[in-house]
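As a plain string of letters, each chain reads:
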Amino acid sequence: MDAALIWEWIIKSVVILLVMTGGFAYVTLYERRVLARMQVRIGPNRVGWQGLLQPVADGIKLIFKEELTPVGADRLIFILAPVITVIPALIVTAVVPWGTEVNLFGRIVPLRLADINVAVLYILSVTSISVYGITLAGWSSNNKYAMLGGLRATAQMISYELALGMAFVGPILWTGSMSLGDIVSAQKNLWFVVIMPLGFIIYVIASLAEVNRSPFDMPEAEQELTAGYHTEYSGMKFALFFMAEYIKMIGVSMIGATLFLGGYQGPFVDAYPWLGPIYLFIKVALWLFFMIWVRATLPRFRYDRLMAFGWKVLLPLSLLYIVVTAVLRLLVGG
Amino acid sequence: MNDPVDSFMNFDLISRYPGLVKKDQRTGYSGYIVEADCLVQFARAVRDELGFDYLSMITAADYYPDDLMDVIYLLYRTTGGPGILFKVQVSRLDSKVPSLSSIFAGAELQEREVWDMYGISFEDHPDLRRILLWDGFEGHPLRKDWKEPLFEEDSKPYKDRWPAGKHKRQEDLNPFKNNVSYPIGFEPEHFSSNNEKALYDALNKTSGNLNGSLKTDQIIVNLGPQHPSTHGVFRMAALLEGETIIDLKPVMGYLHRSHEKIGERNTFLQNMPYTDRLDYISSMSNNFGYALAVEKLMAVTPPERAEYIRVIMAELTRISSHIMTTGFLLNELGAMFTPSLYALEERELILDIFEEVSGSRMMCNYFRFGGVVRDISDSVIEKIRKLVFNRLPRKIDELDRYLTHNEIVRLRTEGVGVLTADEAAAYSAGGPLLRASGVPYDVRKAEPYSIYDRFKFDVAVRYHGDIYDRYLVRLDEMRQSIRIIQQAIHDIPSGPVMTGKSQYQPKVPAGEAYGRVEGPKGELGFYIVSDGKQNPRRYHVRAPSFINLTALSEMSKGEKVADVIAILGSIDIILGEVDR
Amino acid sequence: MLNDYLPIIILLVLATVLGFLVLIIGALFGPRRPTQRKAAPYESGMIPYGPGTRRISVRYYLVAVLFILFDIETVFFLPWAVVFRQLGWFALIEMLVFIGILLIGFVYVWKKGALEWE
Numbered sequence: 001m002d003a004a005l006i007w008e009w010i011i012k013s014v015v016i017l018l019v020m021t022g023g024f025a026y027v028t029l030y031e032r033r034v035l036a037r038m039q040v041r042i043g044p045n046r047v048g049w050q051g052l053l054q055p056v057a058d059g060i061k062l063i064f065k066e067e068l069t070p071v072g073a074d075r076l077i078f079i080l081a082p083v084i085t086v087i088p089a090l091i092v093t094a095v096v097p098w099g100t101e102v103n104l105f106g107r108i109v110p111l112r113l114a115d116i117n118v119a120v121l122y123i124l125s126v127t128s129i130s131v132y133g134i135t136l137a138g139w140s141s142n143n144k145y146a147m148l149g150g151l152r153a154t155a156q157m158i159s160y161e162l163a164l165g166m167a168f169v170g171p172i173l174w175t176g177s178m179s180l181g182d183i184v185s186a187q188k189n190l191w192f193v194v195i196m197p198l199g200f201i202i203y204v205i206a207s208l209a210e211v212n213r214s215p216f217d218m219p220e221a222e223q224e225l226t227a228g229y230h231t232e233y234s235g236m237k238f239a240l241f242f243m244a245e246y247i248k249m250i251g252v253s254m255i256g257a258t259l260f261l262g263g264y265q266g267p268f269v270d271a272y273p274w275l276g277p278i279y280l281f282i283k284v285a286l287w288l289f290f291m292i293w294v295r296a297t298l299p300r301f302r303y304d305r306l307m308a309f310g311w312k313v314l315l316p317l318s319l320l321y322i323v324v325t326a327v328l329r330l331l332v333g334g
Numbered sequence: 001m002n003d004p005v006d007s008f009m010n011f012d013l014i015s016r017y018p019g020l021v022k023k024d025q026r027t028g029y030s031g032y033i034v035e036a037d038c039l040v041q042f043a044r045a046v047r048d049e050l051g052f053d054y055l056s057m058i059t060a061a062d063y064y065p066d067d068l069m070d071v072i073y074l075l076y077r078t079t080g081g082p083g084i085l086f087k088v089q090v091s092r093l094d095s096k097v098p099s100l101s102s103i104f105a106g107a108e109l110q111e112r113e114v115w116d117m118y119g120i121s122f123e124d125h126p127d128l129r130r131i132l133l134w135d136g137f138e139g140h141p142l143r144k145d146w147k148e149p150l151f152e153e154d155s156k157p158y159k160d161r162w163p164a165g166k167h168k169r170q171e172d173l174n175p176f177k178n179n180v181s182y183p184i185g186f187e188p189e190h191f192s193s194n195n196e197k198a199l200y201d202a203l204n205k206t207s208g209n210l211n212g213s214l215k216t217d218q219i220i221v222n223l224g225p226q227h228p229s230t231h232g233v234f235r236m237a238a239l240l241e242g243e244t245i246i247d248l249k250p251v252m253g254y255l256h257r258s259h260e261k262i263g264e265r266n267t268f269l270q271n272m273p274y275t276d277r278l279d280y281i282s283s284m285s286n287n288f289g290y291a292l293a294v295e296k297l298m299a300v301t302p303p304e305r306a307e308y309i310r311v312i313m314a315e316l317t318r319i320s321s322h323i324m325t326t327g328f329l330l331n332e333l334g335a336m337f338t339p340s341l342y343a344l345e346e347r348e349l350i351l352d353i354f355e356e357v358s359g360s361r362m363m364c365n366y367f368r369f370g371g372v373v374r375d376i377s378d379s380v381i382e383k384i385r386k387l388v389f390n391r392l393p394r395k396i397d398e399l400d401r402y403l404t405h406n407e408i409v410r411l412r413t414e415g416v417g418v419l420t421a422d423e424a425a426a427y428s429a430g431g432p433l434l435r436a437s438g439v440p441y442d443v444r445k446a447e448p449y450s451i452y453d454r455f456k457f458d459v460a461v462r463y464h465g466d467i468y469d470r471y472l473v474r475l476d477e478m479r480q481s482i483r484i485i486q487q488a489i490h491d492i493p494s495g496p497v498m499t500g501k502s503q504y505q506p507k508v509p510a511g512e513a514y515g516r517v518e519g520p521k522g523e524l525g526f527y528i529v530s531d532g533k534q535n536p537r538r539y540h541v542r543a544p545s546f547i548n549l550t551a552l553s554e555m556s557k558g559e560k561v562a563d564v565i566a567i568l569g570s571i572d573i574i575l576g577e578v579d580r
Numbered sequence: 001m002l003n004d005y006l007p008i009i010i011l012l013v014l015a016t017v018l019g020f021l022v023l024i025i026g027a028l029f030g031p032r033r034p035t036q037r038k039a040a041p042y043e044s045g046m047i048p049y050g051p052g053t054r055r056i057s058v059r060y061y062l063v064a065v066l067f068i069l070f071d072i073e074t075v076f077f078l079p080w081a082v083v084f085r086q087l088g089w090f091a092l093i094e095m096l097v098f099i100g101i102l103l104i105g106f107v108y109v110w111k112k113g114a115l116e117w118e
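Residue numbers (our numbering), protein chains in the order written: chain A, 1 to 334; chain B, 1 to 580; chain C, 1 to 118.
These aren't lab readings, by the way, just hints derived from the structure by calculation.
For every residue, glycine included, the Cβ atom is placed at its ideal position computed from N, Cα and C.
Among the hints, erroneous ones may be present.
[To be verified] Estimated spans, in silico, between C-beta atoms of each pair: (1) B/G359 <-> A/V56: 39 to 45 Å; (2) A/R305 <-> B/E152: 41 to 47 Å; (3) A/R305 <-> C/L87: 38 to 44 Å; (4) B/R391 <-> C/R33: 51 to 57 Å; (5) A/Q50 <-> B/E148: 50 to 56 Å; (6) B/E196 <-> A/Q50: 47 to 53 Å; (7) A/F268 <-> C/L28: 33 to 39 Å; (8) B/H405 <-> C/G100: 51 to 57 Å; (9) A/V40 <-> C/V83: 42 to 48 Å; (10) B/P126 <-> C/V65: 40 to 46 Å.
Build out the structure end to end from the sequences listed, making use of the hints.
Have a look at this one:
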């Protein structure tokens with residue numbers, strides 16, 4: 001192992017963190033602008049050209065906000081909870097390949113941080129951790145809304161995690177590998193969304209629930225629980241939760257695009273490897289647009305129906321999807 | 001008030017309770033005077049034998065310096081027709097009346113209000129607490145001898161401001177200056193409210209075990225006053241088990257502005273702009289109700305053109321209110337503002353018309369006793385025509401298409417917050433809330449006012465009594481309103497818009513009158529007592545939003561937290577009207 | 001082996017640093033003027049009645065237990081999927097048996113009403 005390799009990893013890690021935090025900032029702007037357009041409004045367009053500096057202004061505002069800790073809160077957990085939520089969100093995309101390999105300053109650099117052979121398992125376990133942050137935030141706030149919100153979030157996320165996990169099985173089955181790099185390579189000619197549309201749909205639904213987006217945004221249901229588990233959070237602690245939510249959005253979009261939409265694959269990507277990240281970016285942007293679109297259009301499910309849907313519809317459907325995919329795989333030959 | 005009861009004989013209520021019931025003989029008054037002892041019997045007979053099953057209003061009037069207060073009850077039949085009015089006279093010193101809440105569930109909140117304002121205690125009332133004022137409040141303010149700390153005079157216009165007064169205001173004499181000091185001995189931080197305690201006790205009393213087997217903690221959660229979806233400062237104290245509502249109590253009064261007290265100090269005309277501030281979404285309807293009540297006392301009728309203009313404006317108001325309610329109901333269901341903003345777009349177009357005719361978009365202050373303040377131009381009529389023949393029907397159909405068959409909307413609203421027809425009538429629910437429960441009661445048909453008897457329209461009615469049906473009723477009503485406006489636009493004659501000359505100080509003969517209209521939220525009534533002076537002696541608003549809230553608790557029991565928000569949205573309250 | 005995971009550990013360390021950095025920035029620049037009213041837990045502007053955290057509804061525990069059961073099943077699916085092509089039809093039949101047993105449990109849970117939220 002040489003020092004250059006370690007430096008390469010550090011640089012890549014920093015790049016990932018920068019892309020994620022920067023992406024978070026601009027996804028908020030993206031969402032606000034798109035949402036506004038869908039609602040016959042204009043949206044933020046005053047700070048900078050087309051409102052491009054709006055996220056910066058928001059960030060500065062949050063930095064100078066007072067942070068409050070409610071009476072009776074468990075102080076240590078209260079402070080740690082946002083960090084516990086944000087770390088999994090930041091590292092979950094570490095295993096997603098961005099492209100093939102490029103030649104940078106005479107050095108062959110693979111466009112990925114790590115290509116581990118249990119990438120899918122890694123994703124599943126990391127997403128599980130982020131549930132802790134939310135549960136602990138709700139529990140430690142000494143607030144009824146927060147507690148109800150935290151409980152809702154926990155129950156919802158673990159229920160939909162089952163379907164999410166099973167949605168991963170299809171691509172693995174087809175590829176015979178848990179490495180996301182292999183899964184992307186296997187989609188060179190045909191995206192998996194064509195082969196297993198059912199799995200794709202299950203993934204989309206379960207991922208919306210996993211990141212608490214409309215119509216599954218129960219945990220923070222503004223109309224009922226004011227702000228759910230982060231009711232008591234203000235200033236930068238709130239910003240961390242906000243960051244975690246949006247980074248998770250980017251994360252599930254990236255993972256979804258990788259699993260079902262061919263990841264960085266696209267025309268001419270072999271000849272020009274730099275096109276890889278661009279293709280991935282476009283796919284992620286479209287996926288995010290879809291999420292925002294759903295948010296602008298659909299009302300929220302009620303909590304008990306949401307749980308019933310997760311257990312009684314999505315879970316049996318996922319089992320069916322696995323069997324169908326397996327049979328299809330055998331028939332196609334392999 | 002021309003006697004409504006005469007029209008179906010007196011049924012000999014008087015001879016049936018000899019010495020206990022008599023006719024109200026004062027000039028300008030009508031109805032019966034009932035002794036407190038037989039009030040409950042009398043009310044039950046009126047309900048069961050005469051069929052007056054809808055308690056419309058309970059209020060009181062103070063006749064200081066006489067030692068006399070009237071408690072006024074007004075009942076209607078849900079099949080339509082005029083109502084029956086009866087009063088109980090009580091002494092100002094020892095004022096007790098039996099409660100009617102065992103016969104009419106809808107009496108609960110209104111009796112609390114009378115207790116709050118007049119200090120008349122209702123015996124056997126289940127939960128007699130102050131409702132609009134806080135419980136540290138001294139006295140009962142609508143009594144005529146109650147004086148606020150900076151009392152100036154009993155009636156406007158105050159001498160030092162009119163006609164060439166010195167403009168020295170009483171506020172300048174305020175010993176507390178910016179109102180940052182409190183009386184000696186009062187510690188706001190340590191004030192503990194008995195009302196709060198009573199509220200939580202009342203909630204805890206109902207805590208039954210829901211499923212009998214597993215005991216979990218029940219929590220009392222306050223939803224409101226500072227809550228994003230209570231339409232303002234409205235509060236619901238809910239007893240929860242898990243996410244299921246076991247009991248719920250509405251708490252209101254955070255936006256109380258002494259509307260009626262101010263109204264009794266004002267001159268009759270000065271009250272017109274005040275009515276705008278009741279249900280600030282539909283100021284035209286509020287003007288309409290108040291104008292009708294005072295016109296009954298003055299015995300004037302507006303000219304033809306004014307009547308048409310009034311109807312057009314009132315129906316436009318209904319459309320704008322309903323379309324907004326529909327949009328915001330979806331918001332309550334969690335649909336991130338898109339439907340409400342679509343609805344607001346249409347409302348803007350209606351507000352444009354209001355602005356053009358009255359000069360103001362929301363606080364229109366457009367009606368006068370005997371007409372409207374100014375004529376509308378042909379260009380406005382042209383605009384309204386375009387709106388009702390083209391744009392609005394299209395947009396309502398669009399809303400219908402988007403929402404009516406949406407899976408999630410139906411899942412969330414069907415069978416939720418059910419109010420049966422009997423319950424709805426008993427709780428004095430009004431407007432879309434009542435009609436969605438299968439009671440086709442609409443003041444425009446039940447007791448047509450203005451010129452509503454000339455138009456062809458149907459009373460929108462649905463039968464399930466859930467949120468979904470309330471939404472459908474509102475949709476239907478918008479279509480019917482468009483129908484009415486289409487006919488009115490077609491028939492509107494030319495001519496004057498005001499009877500007699502406009503005057504600042506109309507002569508209002510002594511007597512009482514109740515004018516009511518079918519407002520967007522339900523029956524909006526104004527009970528006015530005049531003693532021939534320039535100010536009303538009693539000015540009471542039968543606020544539909546307020547009375548509709550009586551049924552909230554009943555509708556919410558057994559539902560989920562998320563549903564309660566939607567139920568509240570489907571009642572469609574405006575806090576300006578609830579708290580007055 | 002280490003080479004595979006070291007970059008992830010580096011990222012993890014950096015992400016943790018970032019998380020705490022954000023907290024510290026907030027603590028450094030934000031004003032700090034707590035009052036009794038501000039520090040009270042938020043309950044729509046009312047003084048909360050009773051404690052904020054307490055025993056929770058038993059249904060949530062039920063969900064947690066069910067989740068553990070079915071999550072283990074998901075974990076079994078993953079290695080099976082990896083070696084599926086080597087094993088062929090045998091793997092399919094094996095998995096059908098597995099799913100069949102699971103379904104029996106699932107139906108039992110459903111019929112017992114453990115999935116109901118009423």
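Here is what the structure says about each hint:
1. Checked against the given bound of 39 to 45 Å, the beta carbons of B/G359 and A/V56, roughly 43 Å apart, stay inside it.
2. Here the CB-CB span from A/R305 to B/E152 is close to 58 Å, at odds with the stated 41 to 47 Å.
3. At roughly 39 Å, the beta carbons of A/R305 and C/L87 sit within the given window of 38 to 44 Å.
4. Checking the proposed 51 to 57 Å range against B/R391 and C/R33 shows it holds: the Cβ atoms sit about 53 Å from each other.
5. Distance hint for A/Q50 and B/E148: a CB-CB separation of about 54 Å, consistent with the stated range 50 to 56 Å.
6. Between B/E196 and A/Q50 the CB atoms are about 50 Å apart, so this pair conforms to the stated range of 47 to 53 Å.
7. Checked against the hint of 33 to 39 Å, the pair A/F268 and C/L28 fails, with Cβ atoms roughly 48 Å apart.
8. Taken as a hint, the range 51 to 57 Å is violated for the pair B/H405 and C/G100, whose Cβ atoms sit roughly 38 Å apart.
9. Checking the proposed 42 to 48 Å range against A/V40 and C/V83 shows it is violated: the Cβ atoms sit about 54 Å from each other.
10. Under the hint 40 to 46 Å, the C-beta atoms of B/P126 and C/V65, about 43 Å apart, fit the expected range.
Hints 2, 7, 8 and 9, counting from the list given before, are not met by this structure.
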